[in-house]
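These are the residues of each chain, in order.
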Amino acid sequence: MKDEALLKEPFPVVFRRWMTSAGGITILLTIVVAIIAAIDAGPFIIVNTVVTGGMWALLSLGLSLVFGVMNIPNFAHGEFFLIGSLTAYFTFNPLRLYLKENPSPFLSAIAPLLGIFLAFFVGALLGVILEKLIFSPLRKRSRDQWVMNSFLLTVGISVVIINSVQLTWGANFKGIPNYWNVDPLDFLGVNLSVDRLAAFLLAVVTLIVFWYFMRRTQTGRAVRAVAQDETGALMVGINLNYILSLTMALSAGLAAMAGASLLFIFPAYPTAGLKPLYVAWYVVILVGLGNVSAAVVGGFIVALLQTLTSFYVGTGWEDVIPTAVIIIMLIFKPSGLFGSEVKGIQER
Amino acid sequence: MENNAQAALSDGATGNGRFTALLNATGISPTGLTMIIILLVLPFIPPFNQEHILRWLVSAALLGAQAIAFDFTTGYINVVNFGFAAFLGVGAYTSGLLAVNLGLSPWVGIFVGAIPAALIGFLTGLLTLRLRGIFAAVMAWFVGLALLGLTRNLVDLTRGPMGLSTPTLLNTSSNRPYFYIILAMMLITYIVLRKIIGSRYGLAFRAIGQNMDAARASGINPTYYRVFNFTVQCLFAGWLGGFYAHYFGILTPQLMLTARTVEVLAIAYIGGRGSLWGGAAVAFPFIFLIEALRSNLTELPGLHLVIYGLLLVLVMIFYPGGFAAFYKRAVAWVKGLRDR
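Going line by line, the protein sequences match chains V and D. Each residue of the first sequence is one higher than the one before, starting from 1 at the first, in our numbering. Each residue of the second sequence is one higher than the one before, starting from 1001 at the first, in our numbering.
Same shape as in the complex, but just chain D (with noise of 0.2 Å):
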């Protein structure tokens, strides 16, 4: 809706109706284009174009992806994956041992590797998902428990604690590749999520997540959708997993622990939830952030997650739509002074 509203908004700017068609088409705004556009770029605008720098900009666009995954099964249905990590987790080392094992090139092994990751989320979601939402949630959170603890045990599949050396995709010390890999692969996420949302599908998520009564009255069966949407959750994190395990190398099970579900959870809820882009729009500006904390206050270990975790509550309590109906709030006030 608010995409319709901008896109309207900038019909006289842009004045060509095919292009404005295109991003309906994608679901990007043009405010959005326009964040992409200077995403692309600044690689190699000093000071980002130091390695450390694109680093975070690689963490940053993996965590943004994974928000706006994230998104999709919490803004929509109303369901936390509370073991999201854990599917991530298990995209990483599917892909990563097959690497490592089979020697299975990693550019195809991060496609193989979503595969069980989504499986696994659907025998999950298949499980949980005709019960109340927070069984789903403590289920998954079980299940990743049950995966973290599989990889620390089974030391002589995944090496345990020690962790798994696996090979990188590109051949290259710089981070900047990679950066473009992470970003395209966010907005592959963010456009196919946004596709669905916009079919039929969307429609029953947002009745589902609305009024589960009412959707079920208007012939919808819920869990048929939420197992969908389960599914494909953690489909995408398989995928970003599998990124994960080719672009730092190394994978331990500390990747899977429930923290980093909770980083996820915390961006996605700032950003806005039933936004899709509101997570990976906050999570740029976070990132830098918090990297910046960790590096000038070593000796305070933590404050980032208390930062996470204060926000998460803060939001919740007093500002239930996040970053993305700040937004919206914002666009709106500029177009009222604009029209008086």
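Chain V on its own, in the form it takes in the complex (with noise of 0.2 Å):
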């Protein structure tokens, strides 16, 4: 509906309209600073931006996708992201000693799309075995503050990987040089590693098949239809259990890709997921509980945030500033920068 009405206005209205919302001023903002920091410390900013925007962009839509349609503030949601570093490395590693043996040039531009891809349904395994055991027989106890149980069982569920995780494979880091074994590419005078530029190009693909998969298919309509009214949705014969499961298995898939696809910068070990979790969670509150699709542009926005502090700042204040930053935030507009999809931000 909304659509509809957008397109019966003339595009510079709504143009307008959008730019000067708190959602168009951010982007432009974001858009200039980045472009001055840019001029000011060199083009790394942006690539760094970007590279490390679109992995948060993708860890944050799983977390808001999950938020939106199952009502679960997932603690979790870090742990996918661990549980996908470590299938690629397991995939990957084997796969990069054997290439070194008997080198073969398609096997080895192949393979770590091989890891990848693996760590996504690993991942979406976890989230479907997750909902099934856990939170759907919580829904069937009891839906009574089922935010704040289910947000405690995530924690639950996160303490129990980490530590399991740990006592299986051990504390040390389990990380790789690079992916691909090639020479960086020159890009406006930064040296661009391939692996970088795969991992954007990957999160950029992802995005686009991901909203195509929501808008334009019957089953991402469904979905969409349960996040909006879970009693409406079944009273057109939608299968709630079937969505919710997948909603999970899509969000835990896509956090675990991110995973994967950044493993060259963070290495797997037990508590590898932490800084990805609060990061998707910056990000899910920055723009707005639920918001699906401006967590991808938060997701560039808390990364510019990020690269900009540890650049003029300093390394390790990466939590304090954007902590202060959604505190500004929270004061002033509680429901998000773009405004929240989930009803009831105010405590009724």
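Calculated from the structure, these hints are not laboratory results. Hints should not be assumed to be uniformly reliable.
As the list claims (entries may be wrong) - Derived DMTMM-like pairs (lysine to aspartate or glutamate); straight-line CA-CA distance at most 25 Å: (1) V:Lys174 with V:Glu101; (2) V:Lys132 with V:Asp144; (3) V:Lys333 with D:Glu1051; (4) D:Lys1328 with V:Glu101; (5) D:Lys1328 with D:Asp1339.
The structure displayed is predicted, hence computed values, not measured ones.
Assembly of the complex is requested from the two constituent chains, each provided in isolation within its own frame, with the hints serving as guidance.
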């Protein structure tokens, strides 16, 4: 309905209105800040922002989706990231050793993608298992105070996964030097490694596929219907359990994929998921709880904020500055920069 | 409510109305009193009089006290303070830094340290508690992370990860006096919070926790009561942090990690939300179990956290009342047996 209303008005009017909304101003401001910083410090700022931003977007998207559809504030989201990077490590590392013995250009080009896609499926599988094993029983028992209870459940899950990983594989770092062992490209005078470029392209492709799935397919529409009104969705014959499992699988899969694609920057170790987790939460609170499309933009905004903080203020301050930004945010616009699609931000 | 039932149960046994009235006033049931007396003599009974076991007792009482304070918010207004450990850390660092830099006596510092913790809690609450509960949880977590980042980065002040050595409360190497101090602090925490719960405020908390709309319709201002509750919790967290600083004698930013909050949270939930005493009751057997595991299975670090996490999940799904509900049921069952 919203889309139809937009179509009726001439594009410049819509565009001007959007540019003067909080969201439009933020995006404009972000781009301006990015350009100023790039002129001041060098174009690597933009490169770094865009590469990590794409992956933060995938992560926040999943977090936002699960909150919007299932009403679960997922604290174990970072653990999907961890599982993804572990899967990629254990797939890619043997392959890499094998390739050292018998070089094959085709296989070495395809091996990283193998690891990344496998990570997606392992993550999705974990998501389904968690939904069937944990959230579904809780949903059957009681829906009282669901948000808080499911939040605490995910806390428990996160603790169990982190420490099981530590028990099984120890606390050492499991990383790889790079996915594609080729010379870095020269881009705007910055050395851009192929891994980073691939991570960004992968994020873009995934986002497009995801957008297509949500907007243009029957199943995607069903997911959005459940997000809007669960009872209504049940009434028109949507298989609720299937949609809930699918949502969890998608969210977990995207997070795992992000973890796998960034393995060359973030090695896998038990608490590797913590940082991505709170980045995803920063993004989601910043743009508005449950607002899926805004989460994508938010991913890039937060990535810029982090890059700027670590360059101008120093590493180690990346947690302090975004928290300050969020505090300001909550004072003036608690529903988030782009507004929240979840009903009842204010406690009624 | 269960206190009344137990008080009535024990009336015949003690036969002393005034004593029962005193117990009712403090909110401690006769069973609870028995447990406290056992705890009081425990440090003299072998094997509990060994120093390392006394250390376990101190940590258990500290954890129990934290769980009581934690349950005051989670169990009643249904808001999770996910930065609890950081608020405790604020109290610990304030007290420790005052003692190190200004030579303030730790005995005073413990109480002074509670003030900034309560203040930060008040501001966090003011900011988020008008919104849905999840905002408060996530925001408290962010504030906790920011505080952790600050203590790590302000190396000139806090000495960062190198650790700040703080003077201890007492000039003794024995853990026994510390145990009595923390036990007293735990009891004070319990009695004060129980008093608040028993008052008009407690009624408002429960109303808000159960049904916000109904509470508002009855003329309760949810934001006011929630902020009040949250601030009181942070005050106690800071106070207990002061003890932490002057018992261990060393402060590292590690103490503010989210994992610490999760530990308290798990104990509070396993003990039973909305009971206050449940967390303190399970803290003792738990710490003993976990310390025994840790000392026997040194090659498996983090096993205790897996147990915490699994129990938290299981309790949340299958037995939401926790130990307190189990106890209540057991008492009712025993009573049923006797009446038959």
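May I ask which of the numbered hints given earlier this structure violates, with the numbers listed in increasing order?
Of the numbered hints given earlier, those the structure breaks are 3, 4, listed in rising order.
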